[in-house]
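There are 2 protein chains.
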Amino acid sequence: MLSREWRLARHPVGRPADGDVELVEVDVPAPGAGELLVRNRVMSVEPYMRGRMSAGPSYADGYRLGAPMSGHAVGEVVASTVPGVPVGARVLHDLGWRELALVPATEARVLPGLDVPDSSWLGILGLTGLTAYVGLLDVAACRPGETVFVSAAAGAVGLAVAQIAMSRGCTVIGSAGGADKVRFLEADLGLAAAFSYRDGPIRESLADALARAGAEALDVYFDNVGGEQLECALRHMRTGGRIALCGAISTYDATTPVPGPRNLLLMIWRRLRMEGFLVDDHEARRADFERDMAGWLAAGQVRNIETEYKPGVERAFEAFLAMLDGANIGKMVIPLGGAA
Amino acid sequence: MLSREWRLARHPVGRPADGDVELVEVDVPAPGAGELLVRNRVMSVEPYMRGRMSAGPSYADGYRLGAPMSGHAVGEVVASTVPGVPVGARVLHDLGWRELALVPATEARVLPGLDVPDSSWLGILGLTGLTAYVGLLDVAACRPGETVFVSAAAGAVGLAVAQIAMSRGCTVIGSAGGADKVRFLEADLGLAAAFSYRDGPIRESLADALARAGAEALDVYFDNVGGEQLECALRHMRTGGRIALCGAISTYDATTPVPGPRNLLLMIWRRLRMEGFLVDDHEARRADFERDMAGWLAAGQVRNIETEYKPGVERAFEAFLAMLDGANIGKMVIPLGGAA
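Those protein sequence lines, which keep their order, are chains D and X. Residue numbers for the first sequence follow the working numbering, so the first one is 516 and each next one is one higher. Residue numbers for the second sequence follow the working numbering, so the first one is 516 and each next one is one higher.
Hints should not be assumed to be uniformly reliable.
[Unchecked claim] Just some of the chain X residues that point at chain D, by a computed CB distance under 10 Å: (1) Val654; (2) Pro774; (3) Arg777.
Rather than coming from a laboratory, the hints here were simulated on the basis of the structure. Heads up, the beta-carbon is just placed ideally off N, CA and C, and yes, glycines get one too.
Could you put the whole structure together from the sequences, leaning on the hints where they help?
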C-alpha cells in the first residue's frame, strides 16, 4: 500500500529549513509476524524533535540521515497478524511522520475505551501530561497552596502543569510568547498572572506578575525554557524552593553554548534544589497519572487544550516549524486523514 | 580587663585590604547575669567571612561597620555568673576575632571531654565536619563505592569530605590550588587522583584525573568553588548524579556576576540533581555526626588536618588573607595565647 513519510535529509544547523527533510512516497508491505499495519489518524510535533534532528548528542537517539523520522501518533489498525489486536483497534505508537506505519505489536499500545478524542493520548493523557505530573508533583514536590511559576505555560506541558497546579489550589504564574497567549492564560484558563517574555524585560515582567498574583516568592519553578527565565526565576525563589528542569527551548537553536544563570549562589543562600528529569524514567507512575488525570478531565478541572494544524501528512514539517515559532497553544497536532 | 578585637572599618570591594578592618584595644567589663567571660585560646578564619564583610546581601548577617567581627573560637572561662559553667570550663562560641569575649551562656557550648585538641572543635568535629557530613551523605546522598569529586579538597571542608568518602569506600578525586596540595592529597591522604586548578586547563585536568582514578564518570560532585569547576564537573556526571553546592569561593571576590555553567542542559539529559545547602539547617544531625566522627577519629580513618598560623590576635586578619590566597591545608587556625 502506498504511503508518504518524512525523512531527515541533513542535520539542521540553527533553525531547521525546508531542505533538511524530504517527503518520500513508499510502498508499505503487508505486516509480518508480530506486526500491525496502522493508518495514522493524528500525529504531534514537539520541541524535543529539534534535538533529535541534530548531529550532536542529545538525550534521545538522533534521527538517522535518510531514514524516516519518528514521533507519537494515534492510528487505526488496518491489517494485523497479532492475536488480540484486531483490525479497527485504536493504538498509540512512536512511528509518526508518516501515513501508514508498520508497528511491532510490542511497541504499540491498544488504547483504553475512554470517551476522549484520539489526540488526547498525544497530549494531556499521554507523555505530555505524565511529564507535567511527575515533574510538578514528584521532581518539584509541589504541595497544595504553593506558588508555582511555569515558563512556556501556553505550551503543551506548560498548560498541563498550570492546570494540575491550579487543581491543587496553587497560585500559578505563567510566561508565554505574546499577548494572545497571555490573554488566554489569564482570561480563559484563570492563571493568577501571566506575562509575555517577548514584550519587555523578563526580570521586570516576572516581578510585576508576582505582585499582581499577590505572591511574595516562588516555591516551585517548572522550567521549559532555560536561559534568562531560569535566572529571573532563581531571583524570586523562596528559601527551600524547588526547580524542575524539563526543557530549555530557548537554547535549542543556539550554535554556541548559552551561559547558565549568573546568580547560582542563591542556590546556596536559599537552599534551593534544581533537578533535571526525563519522563521515560517515570513509567512506574503512569497508572497513578492516568487514574488522576481521567478524574480531573471528567470533573472539568483539567481540559485537553491543543492546536490542530491544517490536515495532511504533507503539512507536518510546516506544523513543526510553526510549533518552534510558538504558533500553538497546547500540543500541536496534525490530523492525517485516517478513517474515522 | 584589657583586650584587643578586630572591627570592620569599611566594606571591602574585591579583595579585602588592610584599611578595611582595624584592631582596637577595649576594656572588657565583668560578666553580667547569664554571661561568661572567655579568654579565647584559638580562633579560625573561613571563606564565608568574606561574604559577611560585604555591603550586599549574603546568607549570613553582614558584619556591621564599626562593630567587632564574629566567628568561631574555643576559649576558657575566666569569670562566670552562670551556675554549672565554672571558671576553667572549655567553651565553643561565635565571638572570635578578639582576645576576651563576653559570651551569653545560651550562645556558648561547654565542650565534651573528648581527648582532642581545642582546634578540632573548629574543624573536623565542628561545623566544618558537620558541613561535610550532611553535604556528602544527606544532600548528595553519597553511597559506598561511588566516585566523588570534591573541589578545594585541601580546604577544611574538602578534606573532611574526602576523608569521609574514602572511609566509605568511595573513589575520591580532588582539586586544589597548587602542586604542594596536590601532592599532599595524593601521597599523604591517599586520594585516587588530585589535580591543581591553577596549572593547566581544568577541563583536561579533570578528565585526566578521572582516567588515573580508573573512574568512568562522577556520581557525586561536592562543590566548594563554583565557576569553571562546576561546569567541568557537570560534563563528567553520570546519569542520576548529585551535586551538593556548598560554596563558590571562586566567585566571592567578583565585582560583576559570574555566568553559570554553559552546559546546564546536561542536568536534563542525565537527570542530575543540584542542591544548595547551609549547615545551619542540619543541626538535627549533629548528634549522629559527632558519634560517627568521634569513631572515625578514634579508628584513624579520619584525621584532623589544619594549618596553624603564627600566634596572636594581631595576626588574625593576615591569616584571613592568607586563607583567601589558599595558604592553608585544612582549617586555618590562629592560637590566641589563652592559658593552656
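Hint check:
With 10 Å as the threshold, the beta carbon of valine 654 of chain X comes within range of chain D, its nearest partner Cβ sitting at about 9 Å, so the hint holds. Interface hint at proline 774 of chain X: satisfied, since its Cβ lies 4 Å from the closest Cβ of chain D, which is below the 10 Å cut-off. Interface restraint check for arginine 777 of chain X: the shortest CB-CB distance to chain D comes to about 4 Å, inside 10 Å, so the restraint holds.
Hint compliance for this structure: no hint is broken.
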